[in-house]
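**Q** Numbering that gives the first Met the number 0 puts the first residue of the sequence shown at 0, with every later residue one more than the last.
Quick caveat, the hints were computed from the structure, so don't treat them as lab data.
Treat the numbers as computed from the prediction; the structure is a model and nothing was measured.
Beta carbons are placed, not taken as given, at the ideal position from N, Cα and C, and that holds for glycine.
One or more of the hints may lead you astray.
To be verified - Keeping only pairs whose Cα atoms sit at most 25 Å apart, straight-line, the calculated DSS-like set for lysine-lysine is:
id, residue 1, residue 2
1, LYS4, LYS52
2, LYS4, LYS48
3, LYS15, LYS48
4, LYS4, LYS15
5, LYS4, LYS72
What the hints assert, rightly or not - Cβ-Cβ distance ranges computed for the label pairs, FRET-style:
id, residue 1, residue 2, range
6, SER76, GLN53, 16 to 22 Å
7, ALA66, ASP22, 23 to 29 Å
8, LYS48, ASP8, 16 to 22 Å
9, ASP22, GLY47, 34 to 40 Å
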Amino acid sequence: MEQAKDITDAVRTLIKLMVDHPDAVRVECVSITEGVSLRVSVDTADIGKVIGKQGRTARSLRILVTAMGMASKQRISLDIRE
């Protein structure tokens, strides 16, 4: 679970660099049956930046999180909340 906290912090830092309102970024780590889910909340004005054109940025973030999870032998998913 310590590694999931490190990944949560990394995702929080990355998303804060992407948005106009970094103080509104929240990343919550929740245990689920398959592993861990990172639930991301941002300011409504920044949701488009996090999702990106045709969802490309969100897809890239999910790939990155999955790769970090594989490195720590955990199944980690990313859920972007509106």
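**Q** Which of the numbered hints above does this structure break?
**A** The structure breaks hints 1, 9; every other hint is satisfied.
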